[in-house]
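Asks: Sequence order for the protein chains is D and A. When we follow the working numbering, the leftmost residue of the first sequence carries the number 1, and every step to the right adds one. When we follow the working numbering, the leftmost residue of the second sequence carries the number 1, and every step to the right adds one.
In case anyone wonders, no lab produced these hints; they're calculated from the structure. In this text, a Cβ means the ideal position worked out from N, Cα and C, and glycines have one as well. It cannot be assumed that every hint is accurate.
[Unchecked claim] When the alpha-carbon atoms are kept at most 35 angstroms apart in a straight line, the in silico DSBU-like pairs for lysine-lysine are as follows: (1) D:LYS327 x A:LYS66; (2) A:LYS2 x D:LYS327; (3) A:LYS66 x D:LYS349.
[Said to hold, decoys possible] Pulled from the structure, derived: some chain A residues nowhere near chain D, Cβ distances all over 12 angstroms: (4) MET1; (5) LYS2; (6) THR4; (7) ASN29; (8) ILE30; (9) ASP31; (10) ALA32; (11) LEU50; (12) HIS51; (13) GLY52; (14) VAL70; (15) THR75; (16) LEU76.
[As the list claims (entries may be wrong)] To give a feel for the contact side, a few chain A residues facing chain D, derived at Cβ under 8 angstroms: (17) ARG26; (18) ALA54; (19) VAL68; (20) ASP72.
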Amino acid sequence: MTTPTQTALAATGTDHHPLAGQPMTGAEVVVQVLADEGCGVLFGYSGGAILPVYDAVFRYNAGHPQADGREPMPLVVPANEQGAGFMAAGYARASGRVGVAIVTSGPGATNMVTPIRDAMADSIPLVAICGQVPTSSLGSDAFQEAPVSNIMGACAKHVFLVTEAETLEATLRTAFEIARSGRPGPVVVDVPKNVQNAALRFDGASRLPIPGYRARLRAAENARLDDEACARFFAALAQAKRPLVYAGGGVVAAGAAPALRAFAEAFGLPVTTTLMGLGGFDTTHPQALHMLGMHGTAYANYAVEDCDFLLALGARFDDRVAGVPDKFAPGATFIAQVDIDPAEVGKVKPADWHHVGPLAAALERLTRYGQARGIRPPLDDWHAHVAALKRDHAMDYDRESPLIQPQAVIEAINRRTRGRAVVSTGVGQHQMWAAQYFDFREPRQWLTSGSMGTMGFGLPAAIGAQFARPDALVLDIDGDASIRMNLGELETVTTYGLPLKVVVLNNVGDGMVRQWQKLYFGHRFAASDKSLHRKDFIKAAEADGFAWARRLEDKAALEATIEDFLAFDGPAFLEVMIDPDAGVYPMVGPGATYAQMITGEFIASRGAVPVEAVEVPSTSMF
Amino acid sequence: MKHTLSILLQNESGALARVAGLFAARHCNIDALTVAATHDPSVSQLTLVLHGSAAVLEQIVRQTRKLVDVIDVNTLSLVGDDNAPLALATQP
Numbered sequence: 001m002t003t004p005t006q007t008a009l010a011a012t013g014t015d016h017h018p019l020a021g022q023p024m025t026g027a028e029v030v031v032q033v034l035a036d037e038g039c040g041v042l043f044g045y046s047g048g049a050i051l052p053v054y055d056a057v058f059r060y061n062a063g064h065p066q067a068d069g070r071e072p073m074p075l076v077v078p079a080n081e082q083g084a085g086f087m088a089a090g091y092a093r094a095s096g097r098v099g100v101a102i103v104t105s106g107p108g109a110t111n112m113v114t115p116i117r118d119a120m121a122d123s124i125p126l127v128a129i130c131g132q133v134p135t136s137s138l139g140s141d142a143f144q145e146a147p148v149s150n151i152m153g154a155c156a157k158h159v160f161l162v163t164e165a166e167t168l169e170a171t172l173r174t175a176f177e178i179a180r181s182g183r184p185g186p187v188v189v190d191v192p193k194n195v196q197n198a199a200l201r202f203d204g205a206s207r208l209p210i211p212g213y214r215a216r217l218r219a220a221e222n223a224r225l226d227d228e229a230c231a232r233f234f235a236a237l238a239q240a241k242r243p244l245v246y247a248g249g250g251v252v253a254a255g256a257a258p259a260l261r262a263f264a265e266a267f268g269l270p271v272t273t274t275l276m277g278l279g280g281f282d283t284t285h286p287q288a289l290h291m292l293g294m295h296g297t298a299y300a301n302y303a304v305e306d307c308d309f310l311l312a313l314g315a316r317f318d319d320r321v322a323g324v325p326d327k328f329a330p331g332a333t334f335i336a337q338v339d340i341d342p343a344e345v346g347k348v349k350p351a352d353w354h355h356v357g358p359l360a361a362a363l364e365r366l367t368r369y370g371q372a373r374g375i376r377p378p379l380d381d382w383h384a385h386v387a388a389l390k391r392d393h394a395m396d397y398d399r400e401s402p403l404i405q406p407q408a409v410i411e412a413i414n415r416r417t418r419g420r421a422v423v424s425t426g427v428g429q430h431q432m433w434a435a436q437y438f439d440f441r442e443p444r445q446w447l448t449s450g451s452m453g454t455m456g457f458g459l460p461a462a463i464g465a466q467f468a469r470p471d472a473l474v475l476d477i478d479g480d481a482s483i484r485m486n487l488g489e490l491e492t493v494t495t496y497g498l499p500l501k502v503v504v505l506n507n508v509g510d511g512m513v514r515q516w517q518k519l520y521f522g523h524r525f526a527a528s529d530k531s532l533h534r535k536d537f538i539k540a541a542e543a544d545g546f547a548w549a550r551r552l553e554d555k556a557a558l559e560a561t562i563e564d565f566l567a568f569d570g571p572a573f574l575e576v577m578i579d580p581d582a583g584v585y586p587m588v589g590p591g592a593t594y595a596q597m598i599t600g601e602f603i604a605s606r607g608a609v610p611v612e613a614v615e616v617p618s619t620s621m622f
Numbered sequence: 001m002k003h004t005l006s007i008l009l010q011n012e013s014g015a016l017a018r019v020a021g022l023f024a025a026r027h028c029n030i031d032a033l034t035v036a037a038t039h040d041p042s043v044s045q046l047t048l049v050l051h052g053s054a055a056v057l058e059q060i061v062r063q064t065r066k067l068v069d070v071i072d073v074n075t076l077s078l079v080g081d082d083n084a085p086l087a088l089a090t091q092p
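From just these sequences and the hints, can you work out the full model?
Replies: Next up, the structure:
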């Protein structure tokens, strides 16, 4: 089973690559394929087993200066390989292009495991190239050897171990194809050092035969809704009085945001998005209900409770949305689902109508079909109901407190960025406040570790995003505990002169963990209090070269400080000492239903939820 | 109920480990597994027996089809279901 018999498909066709037939080393082949795939920036950390590729990148950049003198493929060096992985992911999330990370064998590769798994869980296209010990040393417990194909095979969309140098070029090109096609994901290519040094001949077009994958991909990508499927969809919609769209990260990944807007406007359906779907539908649109789920808006969650027709688009009913699947959208007598991944259809909740295919094409087809037949569901009552939910259960917090509330910080920034900033986050309370209180006008403005929930994601992801969108205002909204995890990357910001803005909402500990400990563990704050920690974040930022680094402790200075911070021309670091007891509300507790949602002291609840209803046995909680 | 899966797999480095790893990661126990070469040296055939509900089977088959090396998956339910037709049936 381990005999590599993969043969590369020969280059075909008349459009020959200008370098076809040229002798190249394996390392040069790697760099040429990266250039052909349009890589504008690489993220990675060097080491013994990847040195030939690093040398080839150096020579390529020296040999191909751009008109402005800049390198065509700059190599951005993080403090830790995990940072490179999240930079590549931030680049991919902000641009929609494949992010590329290049690391060495052993620890370089194992430090990439977390970003690879994170990208898999959020369907982000990455290609990670890992150096590996020479094929003659594979399996010998060599220096800096790790079983990368075994480890990554469990985490990535696919992993290749290139044992035959002749297949290197085809393998790399195929890695990009797999990463960006279908449901996107990370692909790892493990390249032994002797393969990098092999004398090869570039062919410019070869790919590996992956007949099963390509056949399934072709079937999904060519699938189109026929008239009968459209008719069944609209027949069900005609029966509905309270239809709702539940849009996930698939809307962003598929580039389907314009098609979703046209569809929602054509038929008047309100839209709520998941955490991953934020920006897939303009949150300032009158039909937008912002985010649903565990920490969704109360009005979105009530609309889910009240809807009788649910259309899931590139969304997978995960446990932070549908903690109790059979009580999720309990009034929905018809559930429709569109996804590019057949395995997601009906995985958690049965669908009455489904389509596996490209999302934008499906929405455009439905819109054309409905408009051609003059379909316009009479939804005035439902619109009035949804408007009342938005008015009566609006997001709110403790505005009178003398302490700085984190929500006020986000609101103050949002008043100035007006839904146009690119925002990354760590994981925890600050992530949820940012999701709740920022506006997102467009897709790819919201970069967050949704499924894996990886603390430390925010800072490197913001760095990658700034490379993808050099002219955009990129903000890292972080927490004091999350940013600690990759604090070394502060220096990367200033090394590359990136104008990104870092906000640390400091509540002196792991706020979300404390919130759960308050609710479910009798206020015993095991390992989540950091009041004895001595870190001075301002000194740390200054030590790493931030010319603008300030701590905000006075509520009265909030607006002026935010103004000054955002106006600074260059990297800026703002630490805000927030109310350590601020909580994230609403909250649908782990294992609880939307009917058991608690809205906190400042958001109106639709009815008193009895305390016992909120209590969930710890065995059904995660 | 027991189910038998017939999986055609590209004969690639690590391909068998990926199939076995998928079942382990998705908490699906493999009761029996055999691997054999086919007339095409680039293709192997796996025959795999597992037990579980129809929903478990459907989900694990769909996940198996997502593996890049997998060419095709067919299910054959023989044991524990007297009414099942004794034939290879391709999942929709």
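Asks: Output the numbers, in ascending order, of every earlier hint that fails for this structure.
Replies: 14, 17 and 18
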